[in-house]
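Enquirer: Here the protein sequences come in this chain order: A and E.
Using this note's numbering, you'd call the opening residue of the first sequence number 1 and step up by one each time.
Using this note's numbering, you'd call the opening residue of the second sequence number 1001 and step up by one each time.
It is worth saying that the hints were derived from the structure and are not from the lab.
Do not rely on the hints blindly, as some may be mistaken.
Said to hold, decoys possible - When the alpha-carbon atoms are kept at most 27 Å apart in a straight line, the in silico DSS-like pairs for lysine-lysine are as follows:
#1 A:LYS211 / E:LYS1103
#2 A:LYS329 / E:LYS1004
#3 E:LYS1066 / A:LYS329
#4 E:LYS1306 / A:LYS10
#5 E:LYS1306 / A:LYS11
#6 A:LYS410 / E:LYS1306
From a predicted model like this one, the values you see are computed outputs, not experimental measurements.
One-letter residues, chain by chain:
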Amino acid sequence: MNDTLANTEKKTAYILTLPAVLLVFSIILFPIFANIWISFKEVELKDIRIPEPRAKKIVKSISDEPTKIKILYKLRNSSLIQEIRDVSFQDNFPKNFEIENLDPRCSFKKYNLKCEFGNWPAKYRENFQVIFATNNGSKIDKKNLKSIKPKLDGKSDNILLNTNFTLKNFKKVLFENEFVDLLLTTFYYTFFGTVGSIVFGILTAQMVNQKFYGRTFMRSVLLFPYVAPVVALAYTWELLLDPNSGTLNSLLLNYQIIETPINLLGQKYIEISILGFDFKLRLALTTVIMFEIWRYFPLAFLFILARLQAIPKELYEAADVDGASPFQKFFNITLPQITAVISILFMIRFIWNFNKFEDVFLLTGGASGTRTLPINVYQQGFAISDIGMGSAVSIVIVVLLLMFMFFYFKLLGKRVDEN
Amino acid sequence: MRTKNTILFSLISTFFLIFLISIWKILATLQGLSINSFNIEIIFIFGLLISLAHLGIGDRIKSIYKSIIFSAIFVFCDGYLIQKLPIWYNVGVFLILYFFTNKISKYTFIGLKEEHSTQVILFDFLTLFGILFFSFVILFPFYMMLVTSFKTQIALLVNPLDFSINFGQDIKDLFKSYFVIFKSYKFGKYIVISTIVSVGTVIITLLFAIPAAYAVARLNFFGKTFLSTSILIIYMFPAIVLVIPLYTIFSQLGLRNSIEGLLIVYTATTLPVAIYMLQGYFKSIPKELEEAAILDKLSWFGIIIKIIIPLSIPAISSVALYVFMIAWNEFLFSLMFLDNPNSFTLSRAIQYLSGDAETPRQYLMAGSVVVTLPVLFIFVYFEKYLVSGLTAGSVKG
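Throw the hints in and build the complete structure from the sequences for me.
Expert: What follows is the structure, encoded as structure tokens:
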């Protein structure tokens, strides 16, 4: 009895989870494996369209002979690079039609024209013409004739499914593509974005954790950048920072803080001298990181605030009795209580920032020294149209992420052991 | 100790005052006033004098009179004698000063002698400063987005700092950018598409996620722990690595430029977080209710429909709101999969609009307002549900 109950429970569980699991597997896990496959192939954007035989039907009446009609099919192979094999053709005609000249490749039976065109090489074109006459002399309805569409079929190789593999993509990614620079940019962007958002998260959480008028309102305002659509925010920032008539530059010029406008999103380096040391700051990258921090510190804020509100009040009361100062309380009570949240946040934000595409893409498009790995996936795959290269860069991202996760958990595990 | 604290207090409060007035000046400049300098030196001297005078006078005058007197003197000297600016600006300065003097009114000579008072002052003012600073930094772009959408190209060229809205003009002129984007750029259609995609994603996600979350929360089966950990791992996986394979597959299947394609991808990407959030809630529902239902010979379908769903309306609605917001804001996949202007979502349409360098910025901002408003509205209105859900599921971003 118990056994059958457990069995039905199992069965029910599989039925309930199956749709979700199947969908997630086919849309998320399968593509990751497909990436590996594609990254070892030389595929370009134009290759992935399956070649199709196409026919454009043109109906022409023949002057002086109203009972006859000429039909012209403009046949072509849609692909510029691949051939189509065994092309077959079919079209239907009204019941009173008789064919005048039959092409040797075709047959006309039961008002159905069938043709076998054989193999079409790439770029193949042909004007195929048939003449019909009505057998009862009635007038021909051209519109009706045009509305019947011919059917074509053919076989072709799918470049994605053959087994020609190459290591070229990975060689190119790792050795030709200024890989070190790409990696460093991604690392700066990810690391400073993550650290910045966590620091601001701590500050704001500490702030909102105190009692003041309008606190709940403040909490929702702080989350605005996180919940608003990235497209709207990125373009607003772009307009604010625009060098020609952007608000920020206009304001700075108006208050005579600067003399010439600064192109915050379009300038790769800016020279800064502090204490006689000249060094170059990556300006556009810094701006993009600022945007990133501005947009994502709310998440850190929310996590840390939730943790702060769970710290027992007795700890602070005891500290008050001992005469601790506000800074002592912060460093000795608050900070140790939130380290666990911070380490989780660091991991989550690091992974997501590492893969961030939209923000950089919308602000700079990857120009002026802001090309990160995800931007490179897009540029390789869609701007240069080299799908194989794009996939190879994706694989590099996945491998780096797995490595990061591995080391992070190892480090974290060690620290837990020590405690 | 007392002198040190007195100096520190007056310096900190003065810097706070400078900050307040500077923000007000920036906002006033953006209303078209020509203010060319922050006059920091003058405010600095005044601020020091006010805070020292405040300490010196102490309780001898009622604090409300004290505040009014200080504010009036400041406004008279700064606004009237030096800068000669309109009344509304000076009223603003007066209110700021009033707020400021009220804030410092709790500090007295005696209080400054107490232990740690330096740090307490620092902490208090840093908090105040932080609240105002972050509010300004966050709200400023949203404010600029809104006001820019009401300006015209010519007005912005004449004075790029004048964002004042002329409410005297015709409604048609005021909302001109909005009329244009709806008429010439078909934004009405894009709103419909975005709504269909987002609502559709919500419905399909819930249909898939509720049974799956129930099974993970309640039933025992082989592979359950594997499933629940893989949900979290999959959730971590970056969308950018899915783009190329999905693009190739969707191209070959003819799913690009179709709402169905977007629905499939959005559902798959939101499913893990939906299941994760829902199963946590389902676990908190008392088991006895279901046991009674099993005795009544209800099937699993009946249990979910009649017991689980009615009991978890709050969790389901918060998941629904989240999924809606994710789908509404989504950009990467809509960029990859849509290139026919007839099937754009709002985000993609705005990006397309910006691709044309000729597009005036107020149209772009009007579009941004249109795409932002629904999300912010939902967020503010349902904030309570959403905040608890955010920490539980930590929506991807």
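Enquirer: All hints, please: hold or fail.
Expert: For each hint, the structure was consulted:
1. About 15 Å separates the Cα atoms of A:LYS211 and E:LYS1103, which keeps this hinted pair within 27 Å; it holds.
2. Between A:LYS329 and E:LYS1004 the alpha-carbon distance is near 23 Å, which keeps this suggested pair within the 27 Å criterion.
3. A C-alpha spacing of about 35 Å is found between E:LYS1066 and A:LYS329, which places the hinted pair above 27 Å, so the restraint is violated.
4. At roughly 21 Å between alpha-carbon atoms, E:LYS1306 and A:LYS10 fall within 27 Å of each other, so this suggested pair holds.
5. Proximity of E:LYS1306 to A:LYS11 is assessed by CA-CA distance (about 21 Å); at most 27 Å being required, the pair is judged to hold.
6. Taking the CA atoms of A:LYS410 and E:LYS1306, the gap is about 46 Å. The hint is violated against a cut of 27 Å.
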